[in-house]
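Order-wise, the sequence lines are chains A and B. Under my numbering, the very last position in the first sequence is 668; numbers go up by exactly one each time. Under my numbering, the very last position in the second sequence is 149; numbers go up by exactly one each time.
In short, the hints are calculated from the structure, not lab data. A couple of the hints might just be wrong.
To be verified - Quick list of simulated restraints, FRET-style, between CB atoms: (1) A/G152 with B/M102: 26 to 32 Å; (2) B/M102 with A/G262: 16 to 22 Å; (3) A/E277 with B/S117: 26 to 32 Å; (4) B/K128 with A/S568: 52 to 58 Å; (5) B/I115 with A/G490: 47 to 53 Å; (6) A/S98 with B/K128: 39 to 45 Å; (7) A/V643 with B/K128: 44 to 50 Å; (8) B/T103 with A/K45: 45 to 51 Å; (9) A/V563 with B/V105: 30 to 36 Å; (10) A/E83 with B/K128: 32 to 38 Å.
As the list claims (entries may be wrong) - With a straight-line cut-off of 30 Å between C-alpha atoms, the simulated DSSO-like cross-links for lysine-lysine are: (11) A/K446 with A/K25; (12) A/K363 with B/K128; (13) A/K446 with B/K121; (14) B/K121 with A/K84; (15) A/K206 with A/K230; (16) A/K138 with A/K230; (17) A/K126 with A/K4; (18) A/K138 with A/K126; (19) A/K159 with A/K194; (20) B/K126 with A/K4; (21) A/K46 with A/K159; (22) B/K126 with A/K84; (23) A/K138 with A/K198; (24) A/K46 with B/K121; (25) A/K81 with B/K121; (26) A/K457 with B/K128; (27) A/K198 with A/K127; (28) A/K4 with A/K25; (29) A/K4 with B/K128; (30) B/K128 with A/K446.
Note that CB positions come from ideal geometry on N, CA and C, so glycine has one too.
Below, each chain spelled out in residue letters.
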Amino acid sequence: MKVALTGNPNSGKTTLFNGITGKIEHVGNWAGVTVDKKEGDIKKSLNNTNTDITVVDLPGAYSMSPFTSEESVTSEFVKNEKPDVIINILDATNLSRSLFFTTQLLELGIPVVVALNKSDLNKKKKTVINIPELSKELGCPVVETIATQGSNNGLKKIVSTVVEVSGSTQKAPFKIDCGDMTDRNSVEASDKKRFKLVKRIVHKVEDKKINSSSQTRQDAVDRVVANKWLGIPIFAMIMWVVFSISQTHLGPLLADTFVGWIDLLYGFVEGLLGENVSPVLSSILLDGIIGGVGAVVGFLPLIMVLFFLLALLEDCGYMARVAVVMDRFFKKVGLSGKSIIPMVIGTGCAIPGIMATRTIKNERQRRTTAMLTPFMPCGAKLPVIALFAGIFFDDASWVGTTMYFLGIAIIIFGALIVVRITGEKNTRSFFIMELPEYRFPSIKRATISMLARAKAFIIKASTIILLCNAAVQIMQTFNWSFEVVAEGAQDTSILASIASPFAFLLIPLGFGVWQLAAASITGFIAKENVVGTLAVVYSITNFIDTEELTLVSGGDSVAKVMGLTSVAALAYLTFNLFTPPCFAAIGAMNSEMENKKWLWSGIAFQFSMGYIVAFVIYQVGTLITTDATGTGFLPGLIVVVGIISYVVHLVRKGNQKQEQKIELDA
Amino acid sequence: MTNVIVILVILVIIASAIGKIIIEKRKGAKCVGCPYSQSKDSNCSCKH
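Just need the whole structure built from these sequences, with the hints factored in.
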């Protein structure tokens, strides 16, 4: 049996889906988190029948006539795949808005079970919904649910009701003629009739004690948190606290135990190998595989704490306010506030972030957002940030916070350039987002989210990163004649010969050595590889000091081995963060942009941006700290001026295009 | 003999890693391990 989960955005579909299937799909306390359908089987503990019930979680939709592509996933699935039963999740706190879609679903003939979700919030607001009356009005069963609750949540009842109604034919106790769906006036007339019907039903079944137009405490908080002047400083402060806890205080504390285990494993395997094993094999296993992977995995506790805190922020409803705060800036550069949703999702992993751009209807805005989303530092970049903050900046929390805000600044600047180049008139966009109510964040949900991220991190470390580190170790051990390179002569290795030409290009950025170039190149496979490769090429098996409880052991000595100044280190960090993302994310950009010109332009833009930012940081920083420009200033300047000149040329062409359009319109 | 065992261990580790990547890719994961990037339907009707 196939059951479809449908409902308005942020009505709790994915939470209910996770509850009845036991899966851990990403949930967020805001609209637009799910953009694609997800399938799962109902848990045996909830299903008393012998029938296997598959549930399909669909993206939120307000109606069957879709406005965005993720809504079309819902309407097309329901219309074409004909599920056996539809569970329609209604937000009990917003009945009038939710019922519009319900009335459309009831007309399809497929049995519908209504899940009146968030009923606990209604009780708090002293709003009473007459469930038998609602069921009678809709002509289908209505079950109260609290999907966020572990027990007494109504999920068992929902499943048994689904089984009961399957096989029957749904009859709507009303009929509204949809008319010609291609004719705007006809659709509007039909919608008006439907709204009238919904209004009548709500008036009959709902008893509200609190007037929704009166100002609440939540509104008072929003006036501060989403204020146009205070919003950004508050966001910066919150991010600083998040980085401070995760990378300076709690994170390293937990890392202490964790790194101890990695050290134990390293020592154990080293003891097992003894003296008789070939040094080449020993170094591949110990330094390449265990050391390289261990160096990356050592950052896991820091990342887990960070994701836990971000999940709490998302769950309490704060991230939705960030979208509102950012809307003001995004609108000015031709994006909409909706663009912030993929970017916030992208802080976990750029791929789902890029996939979330399909909620954006405007093609240019969608492609621009897909191109710019990878500038938000994702989870894979966090070990790199943590490593450099630890080695060169004494675990300073400002490093991570600055990287986030630098990412946002680049996004805004990038969007401005794109809108100028494309020559599109910057049409004023309107961003309407339903702000979820603030709620006390769920520790359980944040823990689940954190564990899912941790599992992903471990799987990635033990697959892609492991393979890369082994390959790096092998390429560093042998030369092109497949002879083992002598101790201290790694410059003749395969890895050095591949990375050296790239290193030459990086001289004006302050890090023109093959080891750092090799780490950046492997970073395109997975960004965590930057840390793993640095560990392998510099033979540093452990970046975290377990005794001193500092992030990086002997920060000064590691910095010395790398041969970087603090300014060059910051430039290297920004280069790795703001050049193109990993290949998998580029693949996601390709599928969302659906245009090769946009894809290659996007990649070129990301390379240029990373290069210019790193160049400016290194050269200006060196000038300030040493009163002289850094090495390779002139060639670097020529490259940067060349890039800027080309962009200016494109912008002028775009302006001409826009002027021609205006003339034609006139 | 010890070297042969170490080679075998390294090969098993590498083969397991490659095997896991292949399985994840077949499941539709765009980013190996990431639970939120699995999508078999990325080229489905949801496209514009």
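### Query
Within 30 Å, alpha carbon to alpha carbon, are A/K126 and A/K4?
Violated - the C-alpha atoms of A/K4 and A/K126 are around 34 Å apart, more than 30 Å.
### Message
Holds or violated: A/K138 and A/K198, Cα atoms, limit 30 Å.
### Response
holds (17 Å)
### Task
Take the C-alpha atoms of A/K159 and A/K194, compute the straight-line distance between them, and say whether it is at most 30 Å.
Outside the cut-off at roughly 34 Å; violated.
### Query
Is the Cα-Cα distance between A/K46 and A/K159 30 Å or less?
Holds, at about 14 Å.
### Query
Falls inside 47 to 53 Å, the C-beta gap from B/I115 to A/G490?
Between B/I115 and A/G490, where Cβ atoms are some 28 Å apart, the hint is violated.
### Message
Check whether the Cα positions of B/K126 and A/K84 lie no farther apart than 30 Å.
### Response
Answer holds: B/K126 to A/K84 is near 29 Å, not above 30 Å.
### Query
Are B/T103 and A/K45 spaced within 45 to 51 Å by their CB atoms?
holds (49 Å)
### Message
Just to be careful, I want the Cα atoms of A/K4 and B/K128 compared with a cutoff of 30 Å; is the pair within it?
### Response
Answer holds: A/K4 to B/K128 is near 20 Å, not above 30 Å.
### Task
Compare the distance between the alpha carbons of A/K457 and B/K128 with 30 Å, and conclude whether the hinted pair is satisfied.
holds (17 Å)
#### Entry: Outcome of range test on Cβ distance (A/V563, B/V105; 30 to 36 Å)
holds (34 Å)
### Message
With the threshold set at 30 Å, check whether the alpha-carbon distance from A/K198 to A/K127 stays at or below it.
### Response
Status holds; Cα separation ~25 Å.
### Query
For the pair supplied as a hint, B/K126 and A/K4, is the alpha-carbon distance within the 30 Å limit?
holds (25 Å)
Going down the numbered hints, you'll see the structure goes against 1, 2, 4, 5, 10, 14, 15, 16, 17, 19 and 25, while the others check out.
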